[in-house]
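Visitor: The listed protein sequences derive, respectively, from chains G and D.
Just so we're aligned, residue 39 is where the first sequence starts under this note's numbering, counting upward by one.
Just so we're aligned, residue 39 is where the second sequence starts under this note's numbering, counting upward by one.
FYI, nobody ran anything at the bench for these hints, they're computed from the structure.
Some clues are possibly wrong.
Repeated chains share a single entry, so a pair holds when one copy, or any two copies, can fit it.
[Said to hold, decoys possible] Computed cross-link-like contacts, DSSO-like style, restricted to lysine-lysine with a CA-CA straight-line distance of at most 30 Å:
| # | residue 1 | residue 2 |
| --- | --- | --- |
| 1 | Lys-543 | Lys-230 |
| 2 | Lys-79 | Lys-489 |
| 3 | Lys-300 | Lys-402 |
| 4 | Lys-230 | Lys-300 |
| 5 | Lys-300 | Lys-102 |
| 6 | Lys-489 | Lys-440 |
| 7 | Lys-402 | Lys-230 |
| 8 | Lys-488 | Lys-543 |
| 9 | Lys-300 | Lys-489 |
One-letter residues, chain by chain:
Protein chains: 2
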Amino acid sequence: MNGAKTLVSTLLASGVDTCFANPGTSEMHFVAALDEIPGMKCVLGLQENVVTGMADGYFRIARKPACTLLHCGPGFANGMANLHNARRARSGIVNIVGDQATFHRPFDPPLTSDTTGMAQTVSAWVRTSARASDLGRDAVEAVSAARTFPGQIATLILPADVSWGEGGVVGTPTVPGQPPPIDSGAVDGAAKMLRDRRDVLILLAGHGVLAEAQHFAWRIARATGAKLMADFVNPHLARGRGRLQIERVPYTRAEAIEAIGKFRHVILVNARPPVAFFAYPDVPSIHYESDTQFHVLSRPDQDPVEALRALATLLDAPDAEIPDAGPRPEPASGVPSPEGLAQTLGALMPENAIVSEESVTYGKHFYRFTHGAPAHDWLHLAGGAIGDGMPVATGAAIAARKQRRVINLQADGSAMYSLQSLWTQAREQLPVTTILLNNGRYDILLGEYKKVGAGATPGENAMSMLDLGNPSLDWVRLAEGMGVEACRATTLEQCADLMRRSFSKSGPFLIELMV
Amino acid sequence: MNGAKTLVSTLLASGVDTCFANPGTSEMHFVAALDEIPGMKCVLGLQENVVTGMADGYFRIARKPACTLLHCGPGFANGMANLHNARRARSGIVNIVGDQATFHRPFDPPLTSDTTGMAQTVSAWVRTSARASDLGRDAVEAVSAARTFPGQIATLILPADVSWGEGGVVGTPTVPGQPPPIDSGAVDGAAKMLRDRRDVLILLAGHGVLAEAQHFAWRIARATGAKLMADFVNPHLARGRGRLQIERVPYTRAEAIEAIGKFRHVILVNARPPVAFFAYPDVPSIHYESDTQFHVLSRPDQDPVEALRALATLLDAPDAEIPDAGPRPEPASGVPSPEGLAQTLGALMPENAIVSEESVTYGKHFYRFTHGAPAHDWLHLAGGAIGDGMPVATGAAIAARKQRRVINLQADGSAMYSLQSLWTQAREQLPVTTILLNNGRYDILLGEYKKVGAGATPGENAMSMLDLGNPSLDWVRLAEGMGVEACRATTLEQCADLMRRSFSKSGPFLIELMV
């Protein structure tokens, strides 16, 4: 059996049954093997950052890794930004990256590059397979690395001759490892603190903001009076009716200090002490008071459900119903506003939807007005590298096997980074509704320009790098150019009508909302 | 003076007066400095691979480096594929890459990543400035590295606090260094061989295929009977009337051996012995016979004009007029074909045009039929990483100060990698005519699938990764969505009409040619 078939067989045996791909010449034997060995769902992306972003979105919903198939060197490089985001989201992905044949590499043909060096910057695990007979074992280890709780980026580099070489041995899948056990001392300490004090914040992150953890966290909060908050960035947050309305630590230091500065003690559940996204002149990096005490209940690589369950049990915290979300909001009308859009979304969102949010500046208040919607999952840009909203939406729809409506709240500047995602949505006829917030500028950067003290008002040269309005982007044409039905809305009534229309369809739809 | 202003001043003093940019928060002081210190032309690209590809195209025409302004880590990563291409084209670029403030980096906020590790994979020179007072000196060295003949990628990483910190000292520009002198022994050896033998090929690459070198090469060939050929890939080739009709070493081994196998001796002028782009099972990597002897007249880092001039002088080769190109072709008609398109292009191309070619499979015969056109420059994809045709065209138009028509012969699959380039063409109103070859598939990969011996016909899963026809891309809408006028052609007559129309305009135009 050749290396490529060995690899496909091992991946399938290990439960990896979805491949997001943009192959090149050095991957052709792998492509052929996908034909010969049935069982792998293959999804093409027209640029690699779409491919890796789809794999991230897939993992967040499927909770198991997909593989990617990427071309050597620069092909991998094109997908690195969304691998960075996936790394920060702690998503599990198995990258299969072709490379020059081992005997051909010394000739340094044009596409030769430092694939290993590139892979190391975004991966927890990197290996170049040396021969076909190693590939089964290497693939098992790659999947195992990708599955390391909660998830990791594993990159397996596959020289062309290893792929076509004979002598492959299908690897024996290993049982996924368990996360390191929780620390009973940490549980005891947290329980003591919660019994003794009234100024305690429990800061939740990672799986700590999913539904099961929320129930235990709420029992603890009810029993002790502790305050619950979530990290600013949450790769996957369970929201809507039946879930907790958890505030997030705000983005700016002033707001963060106002929200959490009053808590002398913070219990970290898979969270880290909150810090600024970026530094600013004469502003401290930390988003807490310097005398705040942090207590780690569970690290990011431990299971927060286990930790919270143990803590609730130790505290003898009784069962507690999650508070009712209040009435479902009504659709708003008139000129688009963040609050109005959020209300409309809360009013119309179908049951069990998935929201992929990369609204950047516009989305600040989306949370407050969508809690009364039916239960849904909310996915954030986790690593700050813009351009993941559309591919994450696309991959999430694949993971949900088209059974759930995906709503992509998408800023225009970020959308331009990976707009090719729309084509894959059309090709796969995915139930994705994109709400494209067209404000014609890099709004966040206009804010940041002032915030860093660069000056009060950008001049001509600065504006030439911050506005997107000359010429205006026409997102209806861009979407239609890739086979996605689209329509423009200038009022919230129009937006609501288009949302209803799109939610009744089985395929993708883009609403260009002029904001 | 703060670091950012110091850096802008030093770049301007060093002759770097064009900045291709896609900044983020950590670059805002640099953006502000570009306002305060006049003289830098700033060009925004909506994704970083457009930015770096523009800088590559700019260098190839302007023959001096531009700077790029890129956001930390993943922002840089997005631009790496075209930096790979620029590295292979030996283009000079000064990348300015923001990064976390030095004091903020240890907190590992979401966007933190291994910017240095990424930069090292594609740069000849990498440095992180440690303080504002170093920045002037560091910038001088970066420009000097970028200008090292023929050109190099230099990456200067600029932590935010170094940018906003005070104490900057504007650097004193250095005189650009000369390339290492040519080797008189190599010239003597080549002369002897050319006098003694009749089976000698002179293989030209780099600046060896530009107009000045061509004149000396032609004198030598006329005087000695040596055959002249060019590398398969030429970042910049002077073509058309008054230039040599130089054949290129063909892409496949069989054709390459047929073309050059008969020459026992090959004199390399900035060229390397030709090898395959990719390895195939049971096919040697080299594109020459194993007993071929190579003689290095000039290395890629030496000046081929100097070497060829010395050789022509030593051979006492008389002046020789470049042969007439014959009659200018007539526009072709009917169903589009590569030959017909090339003829039409040769017939209609305006004087002194620049062709950015990323036609991949379709362009195999473009050369033969365009030699009778007026003098023009032809730019190839140099590193094999698809997605440079459109940004290179855009940057070349900026370098030519809109005074020359740029014609981008562009395959559809590759175009999808950096289609955002069209928006910059519209914003800057650049005279770029894109001829978008829409064949609805990754045609090169269908060929490679067979060539690697993966199988005779791709099956369903393989085709799901190789065809682009479901849904079809509508390039007229995509172009219009970014503000570029566009029209579809299904015959060569229509294509000719649209070419004429576009050549009379001052701004960009896209012709979607259904092939």
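Visitor: Give a verdict on every hint.
Guide: Quick rundown of the hints versus the structure:
Taking identical chains as interchangeable, the C-alpha atoms of Lys-543 and Lys-230 are never at most 30 Å apart, the minima being 53 Å within one chain and 77 Å between chains. Taking the shortest alpha-carbon separations for Lys-79 and Lys-489, only the inter-copy value of 25 Å comes in at or below 30 Å, while the best intra-copy value is 46 Å. Taking the shortest Cα distances, Lys-300 and Lys-402 sit within 30 Å of each other inside one copy (23 Å), while across copies they are farther apart (70 Å). In this assembly of identical chains, Lys-230 and Lys-300 lie within 30 Å of each other by CA distance solely inside one copy; the values are 20 Å within and 87 Å between copies.
In this assembly of identical chains, Lys-300 and Lys-102 lie within 30 Å of each other by CA distance neither inside one copy nor across copies; the values are 39 Å within and 57 Å between. In this assembly of identical chains, Lys-489 and Lys-440 lie within 30 Å of each other by CA distance neither inside one copy nor across copies; the values are 42 Å within and 37 Å between. Taking the shortest Cα distances, Lys-402 and Lys-230 never come within 30 Å of each other, neither inside one copy (36 Å) nor across copies (76 Å). Within a single copy, Lys-488 and Lys-543 get their C-alpha atoms no closer than 43 Å, and across copies no closer than 40 Å, so neither meets the 30 Å cut-off.
Taking identical chains as interchangeable, the C-alpha atoms of Lys-300 and Lys-489 lie at most 30 Å apart only when both belong to the same chain, with a minimum of 25 Å there against 68 Å between chains.
When held up to the earlier numbered hints, the structure conflicts with 1, 5, 6, 7 and 8 and fits the remainder.
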